[in-house]
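J.: From just these sequences and the hints, can you work out the full model?
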Amino acid sequence: MMELKNTNMPIITDIKFKKNKKTYEIYVDDEFFIEADAETIYKADIKKGMSKDAKSLESAKTAADANKAYSKALGFISYMDRTEKEVEGYLLKNEFSESAVRNAVEKLKSYNFLNDEEYAVRFVKNKTEFGNQSSRKTYSDLVKKGIRESIAKKTVESHFTKDTEIKVATKEAERLNLKYQKDPYKKKCQKVSQRLAEKGFSFDIISEAVKLLDNAGEESEDFRRKFEKAFDAVVKKYERKGLKDYDLQVKIFQALLSKGYEYDMIKKRINTGWDDINF
Numbered sequence: 164m165m166e167l168k169n170t171n172m173p174i175i176t177d178i179k180f181k182k183n184k185k186t187y188e189i190y191v192d193d194e195f196f197i198e199a200d201a202e203t204i205y206k207a208d209i210k211k212g213m214s215k216d217a218k219s220l221e222s223a224k225t226a227a228d229a230n231k232a233y234s235k236a237l238g239f240i241s242y243m244d245r246t247e248k249e250v251e252g253y254l255l256k257n258e259f260s261e262s263a264v265r266n267a268v269e270k271l272k273s274y275n276f277l278n279d280e281e282y283a284v285r286f287v288k289n290k291t292e293f294g295n296q297s298s299r300k301t302y303s304d305l306v307k308k309g310i311r312e313s314i315a316k317k318t319v320e321s322h323f324t325k326d327t328e329i330k331v332a333t334k335e336a337e338r339l340n341l342k343y344q345k346d347p348y349k350k351k352c353q354k355v356s357q358r359l360a361e362k363g364f365s366f367d368i369i370s371e372a373v374k375l376l377d378n379a380g381e382e383s384e385d386f387r388r389k390f391e392k393a394f395d396a397v398v399k400k401y402e403r404k405g406l407k408d409y410d411l412q413v414k415i416f417q418a419l420l421s422k423g424y425e426y427d428m429i430k431k432r433i434n435t436g437w438d439d440i441n442f
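Taking the working numbering, I'd label the letters of the sequence shown as residues 164 to 442.
Check before you lean on any hint, since a few could be wrong.
[To be verified] With a Cα cut of at most 35 Å, we get these calculated DSBU-like pairs of lysine-lysine: (1) Lys334 / Lys389; (2) Lys389 / Lys316; (3) Lys256 / Lys272; (4) Lys330 / Lys307; (5) Lys288 / Lys308; (6) Lys330 / Lys374; (7) Lys389 / Lys399; (8) Lys422 / Lys389; (9) Lys185 / Lys256; (10) Lys288 / Lys300; (11) Lys317 / Lys354; (12) Lys288 / Lys342; (13) Lys392 / Lys334; (14) Lys211 / Lys235; (15) Lys354 / Lys288; (16) Lys184 / Lys308; (17) Lys392 / Lys374; (18) Lys334 / Lys270; (19) Lys307 / Lys272; (20) Lys354 / Lys414; (21) Lys272 / Lys342; (22) Lys270 / Lys308; (23) Lys325 / Lys389; (24) Lys206 / Lys288; (25) Lys307 / Lys288; (26) Lys235 / Lys179; (27) Lys404 / Lys345; (28) Lys182 / Lys272; (29) Lys399 / Lys325; (30) Lys300 / Lys179; (31) Lys248 / Lys211; (32) Lys354 / Lys422; (33) Lys404 / Lys334.
[Stated by the list, open to error] Between beta-carbon pairs, the in silico distance windows are: (34) Leu341 / Tyr274: 29 to 35 Å; (35) Glu202 / Asp177: 18 to 24 Å; (36) Glu292 / Phe416: 15 to 21 Å; (37) Ile240 / Ser370: 37 to 43 Å; (38) Tyr242 / Lys317: 25 to 31 Å; (39) Glu337 / Ser365: 14 to 20 Å; (40) Asp408 / Thr324: 23 to 29 Å.
Don't read these hints as lab results, they were simulated from the structure.
As the structure is a prediction and not an experimental result, all values here were calculated from the model.
A virtual CB, placed ideally from N, CA and C, is assigned to each residue, including glycine.
T.: Here's what the structure looks like:
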């Protein structure tokens, strides 16, 4: 892009309309100067063959960049809610000047197209109604998106009550319960608890959610077959190592307990003897 010099009065030598973009290419002294929309051209009183001082042309360039940034930002927020920080980052990534970015963001805010407080409310409501994470994780996500800590804290506290958090955690626990339904009850509870902890739920909330899980799955034929397979594999493993009687039973207990099977289930199986096991 050409640089203007204040020593001469630059001349606008050509204006070319770009049909695909609905904008105009402005040429000054036979060199491309800026791409601008009709509004910018009209307000800057730019006409072919006209002489304009460098200051006026630079002002037109600034206005054109600001309008392009605004249009780009409108497209960015048209299909998804965005925060001020996200819009600023997007525009800067597209190499708009800081001034153009600031102007675009302020214009969006003036039309209420950007409103971090309203964004935070919608975000939190979505998490409480359809989400699967804790208030702590929700607060952290808001801050990462550029919402001020004070706004994030106030919004989360006003919409994420303890009862709400228990409800969200329980719903997620039920979903995970189905995912791990083939696991022993103890192991399943451990996995569900770990996943809930990863989502930011506190120990108290996790306890409330997990205690509602049932162990009905351990009565199913699929679970019994899985247990027998695990039991048989452990017996074979340590029998090959020469273990038997008490030493073998100790290893069976240790191996199956580590897999999450209940002590009483293992004991009952051992007490039935080895006759039906194919060594």
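J.: Take the hints in turn and mark each one as holding or not.
T.: Verification of the hints:
{"no.": "1", "hint": "Lys334 / Lys389", "in the structure": "27 Å, holds"}
{"no.": "2", "hint": "Lys389 / Lys316", "in the structure": "47 Å, violated"}
{"no.": "3", "hint": "Lys256 / Lys272", "in the structure": "20 Å, holds"}
{"no.": "4", "hint": "Lys330 / Lys307", "in the structure": "25 Å, holds"}
{"no.": "5", "hint": "Lys288 / Lys308", "in the structure": "16 Å, holds"}
{"no.": "6", "hint": "Lys330 / Lys374", "in the structure": "13 Å, holds"}
{"no.": "7", "hint": "Lys389 / Lys399", "in the structure": "15 Å, holds"}
{"no.": "8", "hint": "Lys422 / Lys389", "in the structure": "11 Å, holds"}
{"no.": "9", "hint": "Lys185 / Lys256", "in the structure": "23 Å, holds"}
{"no.": "10", "hint": "Lys288 / Lys300", "in the structure": "14 Å, holds"}
{"no.": "11", "hint": "Lys317 / Lys354", "in the structure": "32 Å, holds"}
{"no.": "12", "hint": "Lys288 / Lys342", "in the structure": "26 Å, holds"}
{"no.": "13", "hint": "Lys392 / Lys334", "in the structure": "32 Å, holds"}
{"no.": "14", "hint": "Lys211 / Lys235", "in the structure": "27 Å, holds"}
{"no.": "15", "hint": "Lys354 / Lys288", "in the structure": "27 Å, holds"}
{"no.": "16", "hint": "Lys184 / Lys308", "in the structure": "31 Å, holds"}
{"no.": "17", "hint": "Lys392 / Lys374", "in the structure": "28 Å, holds"}
{"no.": "18", "hint": "Lys334 / Lys270", "in the structure": "41 Å, violated"}
{"no.": "19", "hint": "Lys307 / Lys272", "in the structure": "20 Å, holds"}
{"no.": "20", "hint": "Lys354 / Lys414", "in the structure": "24 Å, holds"}
{"no.": "21", "hint": "Lys272 / Lys342", "in the structure": "44 Å, violated"}
{"no.": "22", "hint": "Lys270 / Lys308", "in the structure": "20 Å, holds"}
{"no.": "23", "hint": "Lys325 / Lys389", "in the structure": "38 Å, violated"}
{"no.": "24", "hint": "Lys206 / Lys288", "in the structure": "43 Å, violated"}
{"no.": "25", "hint": "Lys307 / Lys288", "in the structure": "18 Å, holds"}
{"no.": "26", "hint": "Lys235 / Lys179", "in the structure": "21 Å, holds"}
{"no.": "27", "hint": "Lys404 / Lys345", "in the structure": "29 Å, holds"}
{"no.": "28", "hint": "Lys182 / Lys272", "in the structure": "30 Å, holds"}
{"no.": "29", "hint": "Lys399 / Lys325", "in the structure": "49 Å, violated"}
{"no.": "30", "hint": "Lys300 / Lys179", "in the structure": "52 Å, violated"}
{"no.": "31", "hint": "Lys248 / Lys211", "in the structure": "39 Å, violated"}
{"no.": "32", "hint": "Lys354 / Lys422", "in the structure": "11 Å, holds"}
{"no.": "33", "hint": "Lys404 / Lys334", "in the structure": "46 Å, violated"}
{"no.": "34", "hint": "Leu341 / Tyr274: 29 to 35 Å", "in the structure": "45 Å, violated"}
{"no.": "35", "hint": "Glu202 / Asp177: 18 to 24 Å", "in the structure": "20 Å, holds"}
{"no.": "36", "hint": "Glu292 / Phe416: 15 to 21 Å", "in the structure": "45 Å, violated"}
{"no.": "37", "hint": "Ile240 / Ser370: 37 to 43 Å", "in the structure": "41 Å, holds"}
{"no.": "38", "hint": "Tyr242 / Lys317: 25 to 31 Å", "in the structure": "28 Å, holds"}
{"no.": "39", "hint": "Glu337 / Ser365: 14 to 20 Å", "in the structure": "19 Å, holds"}
{"no.": "40", "hint": "Asp408 / Thr324: 23 to 29 Å", "in the structure": "57 Å, violated"}
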